[in-house]
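Protein chains in written order, with this note's numbering: chain C, 1 to 656; chain P, 1 to 656.
If you are wondering where the hints come from, they were derived from the structure by calculation, not from laboratory data.
There could be a bad hint or two in this list.
[What the hints assert, rightly or not] To give an idea of the interface, some chain P residues facing chain C are shown, with a C-beta separation under 8 Å as derived from the structure:
#1 R278
#2 E281
#3 A285
#4 D306
#5 R313
#6 D420
#7 S422
#8 P521
#9 V537
#10 P566
#11 V568
#12 D572
#13 H589
#14 W591
#15 P595
[Unchecked claim] Computed footprint of chain C on chain P, listed as stretches where at least three residues anywhere in the stretch have a Cβ under 8 Å from a Cβ of chain C:
#16 58 to 66
#17 253 to 265
From the three backbone atoms N, C-alpha and C, an ideal C-beta is built for every residue, glycine too.
Residues per chain, in single letters:
Protein chains: 2
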Amino acid sequence: MTTTMSPVVPGAGRLRPLSLADVRITGGFWGRRQDVNSRATLDHCLRWTRREGWIDNFRAAAEGGIAGRRRGREFADSETYKLLEAVAWERARPGGAPPAAAAEVVALVAAAQEPDGYLGTAFGHPGQPPRYSDLEWGHELYCFGHLIQAGVAEARSGGGPLVEVARRAADHVCDTFGRDGAVQGLCGHPEIEPALVELARVTGEQRYLDQAALFLDRRGHGTLRRAEFGSAYFQDDVPVRAATVFRGHAVRALYLAAGAVDVAVETGDHELLAAVVRQWETTVARRTYLTGGMGSHHLDESFGEDFQLPPDRSYCETCAGVASVMLAWRLLLATGQPRFADLAERTLFNVVAASPAEDGRSFFYTNTLHRRTRSTVPDPEAANPRAASGLRAPWFAVSCCPTNVARLLASLGGYLATTDGSGVQLHQYADAELAAALPDGRRIGLRVATDYPAAGEVSVRVTDAPGGAWTLTLRVPGWAGHAARLTEPAGVGRPVGPGLAAVTREFAVGDVVRLALPMAPRWVAPDPRIDAVRGTVAVERGPLVLCAESVDLPPGHEVDALRVDPRVPPEDAEGRVVVRAELVGPDDHAWPYPPFEGPRAAAAPPGDGFRAVLVPYHSWANRGPSTMRVWLPTAGPDRGGTRCVSGTEAGDADRP
Amino acid sequence: MTTTMSPVVPGAGRLRPLSLADVRITGGFWGRRQDVNSRATLDHCLRWTRREGWIDNFRAAAEGGIAGRRRGREFADSETYKLLEAVAWERARPGGAPPAAAAEVVALVAAAQEPDGYLGTAFGHPGQPPRYSDLEWGHELYCFGHLIQAGVAEARSGGGPLVEVARRAADHVCDTFGRDGAVQGLCGHPEIEPALVELARVTGEQRYLDQAALFLDRRGHGTLRRAEFGSAYFQDDVPVRAATVFRGHAVRALYLAAGAVDVAVETGDHELLAAVVRQWETTVARRTYLTGGMGSHHLDESFGEDFQLPPDRSYCETCAGVASVMLAWRLLLATGQPRFADLAERTLFNVVAASPAEDGRSFFYTNTLHRRTRSTVPDPEAANPRAASGLRAPWFAVSCCPTNVARLLASLGGYLATTDGSGVQLHQYADAELAAALPDGRRIGLRVATDYPAAGEVSVRVTDAPGGAWTLTLRVPGWAGHAARLTEPAGVGRPVGPGLAAVTREFAVGDVVRLALPMAPRWVAPDPRIDAVRGTVAVERGPLVLCAESVDLPPGHEVDALRVDPRVPPEDAEGRVVVRAELVGPDDHAWPYPPFEGPRAAAAPPGDGFRAVLVPYHSWANRGPSTMRVWLPTAGPDRGGTRCVSGTEAGDADRP
């Protein structure tokens, strides 16, 4: 049983998390975002959940008469729970400022719990469908999962009323869905699984862990009634131990995988852990976007087939990005392998950071990699459609993403570093003060100073040094290739390759270890089997994926006119990145499939193009309606259109 | 007022259709398909509409008690109407064999009509939502549209009970929705518009035409309550006269455009006709698949953005293909321009012909251009999901496509040729006997003999020749380039370019005009602005789009391993088409976005690849589960994977 203040506290594993109270992000990229999350986003979420009536649902459930009064979708309760979880992490965060109004919401939630522990506003009350009458789509256990996570967060941030609410809810779930329970079923949307394991960790209750494992085993046998989307949507097509890749609804798949890792770690089930690792590997190799985003289909918010990664129809739901970070963190704690922290970094900087606007009051639900047309500004006073716009919206009819971003940003300090028997491991780079307690009781203090990702230098100064040697391990990201350099205290820099760079010594207070990561912008090419981006390239700088945005083009041009020349390296120029490019003019033909013209000449030497500015993908759509693309077609004879900005080509066949 | 036996009979326009009774398709590609449609598909549709309970709905509506008994979606009535329309055309078709059981269905439909002319099984009866309480999604006017089209078809094939049913329904619609009507609304799904105009043509009733025009004017002002899909889904974002391209739900957009052309032709509204032509042009230039298919989004069965044409997620609903042919036909009749017949030909051979299986008892609803994984065989006794499978299904939960195919195939004779003051115009090539009545009363008989599209020779023999000169005009398809040859009677062949080839003379019985179309298979390249198929090529042969199917590959290979070399022309080989190709082996990397490797060397000279067989796209998925692709990646350094069938490449970055 543990009350370590951290988002995930496994009972076993290679690495242990630090306590949130021992990590203070003091500035920089993530410091700014935690600050905005604290000052603006939490209140924004509170305001909107209230305004949409989702908080009042709890009051109506407690008072009676909710049928006919209830507002929101069947899963609306979960947004309130995720908000309360975020508030709890904010409370644990050094310098955090949890909104006082949250206490009243906690009371309303607690008051809506029924004597047998059930808590939910959409089912079971007079005039409503019965409890558990629609396990496929009712989201009841999903909501319990988020409720329990909120209770866990309260337990780990000093305690609160939701801890007991969570216990009673979990007891009800075990009573109802246990081996001898009345309902031998499972939920259409995973989330109860990781939640129950976390509650088992907090309370020491074995039955919560057993129930999570039971839910895992029930899944994958085609039990859930198939909708038009099929069993894979719910990950109910194949048992989790037998699956080879993540498929179906992305958020469901990732929450399920997180729960499977939690169960595997607590039960010592190495086969189960290996199965999830294998699925993760295949998904990352074949079904993941350059940004780390996951989800290729709008129709069912799902993974696509292998290499089906269209940038324009990328779904890349923000919640899937949050879930991917949570899963990667669990896999990192379990195995110690830096590849998981690599993906978490990529996803944090390019999906999670992309979702909120700079002011923290509007969000992307889906994260496209190719916006062709400028959007109209979303109604700031309406719950917007999820996936329609190239601009962030204040809220959505289905609004799971803002609260997910809020809880992850509030708890982000917990994802930076770990300890093990040897010392301290830094996984994510941010300006921060950290304290770590080794298993043997020694305490280590570190001050990480960095302007990452704007700059690549990370300096780690020892502020509290126990006696004896210990190891400081720094992650060298995969994108750094072999160009990173590590400098030990009073030492000379040495190259370090991708993976882990370790320094073992008897550190003294004031010792500094420096890691220099190569920040020259670089071209990347897609695997040619990814059909949708064949013939394009993209640019990364450090962990950031870059993009072209129409705001930076000569007036009157959209990004689809850009052609880039990857034979010329991208350059840093006055804090931005520029690439050699040209603009092609409009060039319509009546029929766009002309006869193949024969072998192409080699691309012309770089001519009189111009230097196109690229900006971080996470920053797009903050300067008004725009067009944007990450994957840029290369210049050359196949570039289409005409060189420069006017004129048309004649002579192609123009008849269908 | 006219009872010419034809699918569309405009009151004005450049060209006039022939009567269905005057066209007998005697064999070949379309003859076989009309035969299968007649012998198998009509009964199949009858069986399934009965089995799904959709015909019984009419009985229950007439008898009372339909609420609680009704089966099927809100628009299920329309499938019965389209089936009855198909039966009527089958009756008009020389050699046609309409199923006798249809008469009973007609009687059931007629009996369900209410005294005020309303006819519909989903609304207005005790226990059901009120009439017109959900204009966005209720499909009531849509169903009326198909009912009226069935009545028009009966009127034009000798008459029948549905003619009066259609008139009474149309009167009800005009009473209810007219300028002074109780409901100043419009339907979420266009179809009433072309139907009313056609009924006006049959009956001479101006008010039906006025009502169609009124519905057109009501649309485009954001009147319909927006769902998550937005106003464009319903084409309610912009008035039809102001729109610049087809957008939103593809079938809705195309039926609406057909109705707009009908209204424009009957009212002499040149601006409206020009607006539809402009929209058609832009849609064909930017939003149409190589097959002629339309619809890029699964989520809302809609057009995508310009150049958003992913082959794997092509929706290309069969109904949209049918609607596209119907629209193109109207534009051809109005303007005489062969480009419309070109698109109709492409769509007929590559979408309409692709939908039904060879036995006419299963269908594609969506028509993908890239199938990556083999499907499981759909349940032959279940209404299947619309878009999930790479195999045809016998029926669908939403089953608009089979009856649409049936009505088009039954009436296909009406789409082959036209007359005008000068003579006869052949637009589509099929083995057929035709009789045409010129405006001046002279009758012309033609015998078209061809094995098109297997072979390119079309011979047109005059079988009935009036005195005096007249002009025989043959369409030379755009794909023929400048390689077609026309031979006049007893004359020498001359080259004819794409467009129209005309022969004017005083023909004698027995005179033969021959058109030789070039049937050498040819590579085509996509406009580079179509992001999703950059770096690929496809093959066409005559009007047919070809594809690679895994059934024709060496065992154990799927089509995604193919790379083709378009520097080597495709060849006809023993009735099939072969291309120079190679197979690449599996080559997974942990992270599929490695650093760009620098300028590529020119592609190696054609090496020891193999000859890959390509088959007509319309014929795919008739040999069991398979993978398939139309757009084929080209061989070369960027081809990805390893040459030949084994081995892996090392050395790429493999960290995210």
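Status of each hint after checking the structure:
no.: 1; hint: R278; result: violated (12 Å)
no.: 2; hint: E281; result: holds (7 Å)
no.: 3; hint: A285; result: holds (5 Å)
no.: 4; hint: D306; result: holds (7 Å)
no.: 5; hint: R313; result: holds (7 Å)
no.: 6; hint: D420; result: violated (21 Å)
no.: 7; hint: S422; result: violated (23 Å)
no.: 8; hint: P521; result: violated (12 Å)
no.: 9; hint: V537; result: holds (5 Å)
no.: 10; hint: P566; result: holds (5 Å)
no.: 11; hint: V568; result: violated (10 Å)
no.: 12; hint: D572; result: violated (17 Å)
no.: 13; hint: H589; result: holds (6 Å)
no.: 14; hint: W591; result: holds (7 Å)
no.: 15; hint: P595; result: holds (6 Å)
no.: 16; hint: 58 to 66; result: violated (count 0)
no.: 17; hint: 253 to 265; result: violated (count 0)
Figure legend: structure checked against the earlier numbered hints; hints not met, in rising order: 1, 6, 7, 8, 11, 12, 16 and 17.
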